[in-house]
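Enquirer: Chains as they are written, first to last, in numbering that gives the first Met the number 0: chain A, 0 to 712; chain B, 0 to 155.
Read the hints as simulated data drawn from the structure, not as lab findings. Heads up, some of the hints might be wrong.
With a straight-line Cα cutoff of 35 Å, these simulated DSBU-like cross-link-like pairs (lysine-lysine) come out [unchecked claim]:
hint: 1; chain 1: A; residue 1: K289; chain 2: B; residue 2: K2
hint: 2; chain 1: A; residue 1: K287; chain 2: B; residue 2: K2
hint: 3; chain 1: B; residue 1: K151; chain 2: A; residue 2: K431
hint: 4; chain 1: B; residue 1: K154; chain 2: A; residue 2: K589
hint: 5; chain 1: B; residue 1: K151; chain 2: A; residue 2: K655
hint: 6; chain 1: A; residue 1: K4; chain 2: B; residue 2: K83
hint: 7; chain 1: B; residue 1: K71; chain 2: A; residue 2: K655
hint: 8; chain 1: B; residue 1: K151; chain 2: A; residue 2: K582
hint: 9; chain 1: B; residue 1: K151; chain 2: A; residue 2: K287
hint: 10; chain 1: A; residue 1: K591; chain 2: B; residue 2: K151
hint: 11; chain 1: B; residue 1: K154; chain 2: A; residue 2: K431
hint: 12; chain 1: B; residue 1: K83; chain 2: A; residue 2: K203
hint: 13; chain 1: A; residue 1: K582; chain 2: B; residue 2: K116
hint: 14; chain 1: A; residue 1: K532; chain 2: A; residue 2: K319
hint: 15; chain 1: B; residue 1: K5; chain 2: A; residue 2: K431
hint: 16; chain 1: A; residue 1: K655; chain 2: B; residue 2: K154
hint: 17; chain 1: B; residue 1: K83; chain 2: A; residue 2: K104
hint: 18; chain 1: A; residue 1: K258; chain 2: B; residue 2: K2
hint: 19; chain 1: B; residue 1: K151; chain 2: A; residue 2: K659
hint: 20; chain 1: A; residue 1: K655; chain 2: B; residue 2: K2
If you want the ones that stay clear, here's a sample from chain B, every Cβ over 10 Å from chain A, calculated [what the hints assert, rightly or not]:
hint: 21; residue: K37
hint: 22; residue: K70
hint: 23; residue: K154
Here a beta-carbon is modelled for each residue, glycine too, at the ideal position from N, C-alpha and C.
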Amino acid sequence: MKDNKYYRDEVPENNPTFEVDRRDFVKLLGGGLFIYFQLGEFLTGVAAEAAQQRSLPKDYNAFLHISEDGTVTCLIGKIEMGQGIITSFPQMVADELDTPLESVKMVMGDTELCPYDAGTWGSLSTRSLGPALMAVIAEARGVLLNLGSENLGVAVEELAIENGVIFVKNKKNKKIGFGQLAQGKKIEKYLDVKPKAKDFSEYKIRGKSFTHADGIAKAKGEAQYTGDFRMPGMLYAKILRPPSHGATLVSADTSEAEKLEGISIARDKELVAVLHRDIEKAEAALAKVKAEYKFDEMKVDDQTVFKHMLEFPSEARVVKSTGDIATGKNSSNQILESEFHNSYVAHAAIEPHTALGFMEGDKVVVRASTQTPFGAQDGIARELGLGLDKVRVIAPFLGGGFGGKTMFRQAVEAARLTKLTGKPIMVLWTRKESFFYDNFRPGAVIKITSGTDKSGKISLWDYHEYFAGARGSDTIYDVPNAKTTSYSARNVHPFLTGAWRAPGNNTNTFARESQIEMMAAKIGADPLDFRLKNLKDERMIGVLKAVADLFGWTPAKSPSGRGYGIACGFDAGGYVAHMAEVKVDQKTGKIKVIRVACAEELGFCINPQGATIQLEGCITMGMGYALTEEVKFTGGDVHTTNFGNYQLPQFSWLPKIQTKILDKNEAPQGGGEPGIICMGGVLANAVYDACGARLYQLPMTPERVLEAIAKVK
Amino acid sequence: MVKQIKFELNGKKVEIPLEAGQSLLWALRNNFNLTGTKYGCGEDYCGACTVIMDGEAVRSCGITMEDVSGKKITTIEGMSVNGKLHPVQQAFVEHDALQCGFCTPGMIMNAYGLLLKTPHPTREQIIDGMEDNLCRCGAHTRILDAIESASKVLKI
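Construct the complete structure from the given sequences, taking the supplied hints into account.
Expert: In structure tokens:
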């Protein structure tokens with residue numbers, strides 16, 4: 000082997016072991032008080048389900064560490080990608096534990112330090128991990144009180160806690176701080192009687208607005224993302240990529256690339272990489288690699304794919320069924336049949352997928368921009384035939400995720416290359432690679448047959464969802480005869496698809512809310528009245544009425560020429576209702592969004608400022624999939640390669656945004672996703688109201704708008 | 000003999016050997032370890048790599064080091080002085096004008112470039128000047144508000 004070549008052809012034979020032993024936190028975090036728990040007993044609902052993906056370590060889980068200076072470190076397996084849990088989780092921890100907000104430090108997304116977590120997605124952090132964490136902290140608070148009681152020689156009942164200090168209620172100067180209790184201790188005991196987590200009425204820090212905890216670091220350019228880490232001897236890897244999905248490498252000739260100074264070649268089965276300390280030199284060398292491929296592509300493109308989906312053999316699953324469809328048809332006065340299409344869209348986070356792998360003895364360590372550090376750890380261990388104890392994944396700040404970083408291909412690539420070469424390897428995808436390997440939001444077809452009776456009530460709802468994903472497919476309206484059927488199949492798409500911010504729900508809400516508005520128009524009803532008349536869920540009615548107030552809705556039949564639209568929906572535990580105003584240029588087909596109002600109810604809101612920012616982001620980002628974003632492809636050849644042919648929302652698009660977060664003393668829900676689900680529907684309905692043109696496909700490009708206008712004329 | 004490229008970086012005179020084809024972006028990130036300037040698209044579309052060159056906001060991914068010779072470059076790291084935030088940075092923090100933060104350095108540098116040229120811009124001028132910097136999280140409204148308020152306190 001030449002010294003600039005690293006080849007591996009053999010697949011390792013030993014099977015990975017997935018047992019994790021107790022790890023030495025003392026070594027990793029320094030001295031202080033460690034509070035261990037069994038996470039399992041605190042897990043409920045969705046989190047418990049997610050956790051089943053891998054057996055949890057039985058003997059420990061540390062959520063909290065209290066250092067001798069009173070710093071409370073909260074360890075969670077979630078990651079921060081802009082959604083703001085680095086701000087809201089310390090609020091929850093400090094409030095529950097009665098310690099100053101400034102004393103809480105978050106350690107996130109490190110498989111070596113943090114308890115197992117299935118991934119940061121589905122708006123689950125607050126609504127699922129939150130309650131488990133609060134139960135743990137309530138117990139930790141109990142442990143601290145017991146320790147305080149021993150130390151001060153006073154019964155627990157006579158003690159109180161404020162600002163991280165335990166004191167005797169009627170003798171405030173008799174006290175001891177968390178930090179002092181922490182000295183030289185390692186606590187692993189359980190309480191027999193589990194204390195209850197605090198009630199809403201006891202919240203002091205939760206429910207108040209805070210600006211981003213990481214704002215200053217990010218504004219200074221000091222916040223470190225994966226690509227910002229440096230290591231001695233680090234090499235950039237540029238990896239040979241196929242021209243299309245469905246292409247298989249037949250041969251690769253790296254001889255010309257090898258002639259370049261400082262270049263080395265790493266080859267591991269199909270993975271061919273050129274390495275150089277300078278990323279641009281590696282890129283130039285990659286261009287000199289000659290490769291041959293054989294092709295086995297699907298014969299489908301972005302135009303024909305909808306027909307392909309309907310013809311593709313799929314499995315039907317009834318999501319929900321009430322009453323009887325035939326009865327519904329008989330009792331309907333008006334029946335409406337529609338078919339909606341939604342295009343493939345990309346996640347397009349501004350930070351491309353990145354990973355830095357390096358060896359620590361016989362352990363592979365990978366820093367990676369991933370929403371699933373533990374999933375990446377599993378994936379790397381499997382690929383390399385290593386035990387989980389030999390793989391550590393750390394997710395630093397992520398430059399956006401939106402579901403696109405639930406995949407971790409780049410982390411596996413970095414791990415393979417670092418294991419092969421023994422050197423620190425940085426894999427930083429180009430924008431083209433980030434589009435090519437993105438797990439796009441799937442294109443989808445929705446077919447709806449619906450009807451209204453003489454009284455203007457919805458009497459029939461027969462809903463068929465093809466490949467969008469079932470989330471949000473069940474009707475939110477009160478219909479006596481309703482059925483929702485979801486169709487799925489493997490390999491229907493020519494490339495990878497997956498979860499995109501509020502998976503399934505953007506497509507389903509677009510179709511449902513378009514259909515509702517069309518039904519209202521058909522019977523000459525005001526679209527707000529029509530919705531209110533057909534809703535039973537008080538929380539949905541609440542957000543609809545709130546947004547009508549905010550927007551200043553006045554009743555009218557659509558199309559009114561005003562360009563007003565409505566849409567409402569439910570996602571990840573949260574209720575949202577949007578109203579929008581648009582102008583449509585009937586000559587060019589261009590849509591200008593004038594304003595968007597949204598009322599959202601997320602149960603108790605931990606950080607109203609953070610939730611508002613998420614909502615503004617959802618509205619702005621959502622304009623993209625509604626108006627311009629569409630992945631173009633022929634077979635496995637993805638034509639979308641950079642922002643020059645994939646149009647994200649820009650500053651000039653900005654409508655006036657009005658938001659209202661409703662207060663409610665109910666379990667807190669996630670706020671990262673609900674606000675985006677209505678954007679397709681609300682804008683499609685506003686376009687219809689402006690000019691009578693009904694758009695059945697997103698995005699509503701000028702060509703599609705002109706086509707729809709021509710149909711009206 | 001290897002040619003040296005001399006220029007001023009964040010107020011200090013620096014030099015590095017000329018590497019054919021090296022862009023300002025990667026010189027900053029790898030030769031100077033100034034990683035606040037980000038790679039986002041590599042083709043001038045997103046603006047995550049924006050820096051100031053001789054008083055003007057430029058995309059560092061599209062500028063080769065040959066063209067940096069004798070120039071004055073300011074990066075995000077050169078904005079705060081002795082740990083004190085620059086008024087534009089301060090305004091971004093106060094308005095919470097960021098989410099994931101990856102586009103933020105480029106946004107701040109582009110905004111600074113805009114204010115150097117037009118110290119008291121109208122809302123339309125701000126929109127126009129920021130148009131080609133991309134943010135995926137949707138912090139746009141707050142970014143505009145931040146720049147507007149920075150323009151009121153910044154002395155240029």
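Enquirer: In ascending order, which of the hints set out earlier in this document are inconsistent with the structure?
Expert: Hint check: 3, 4, 6, 7, 9, 11, 20, 21 fail, others pass.
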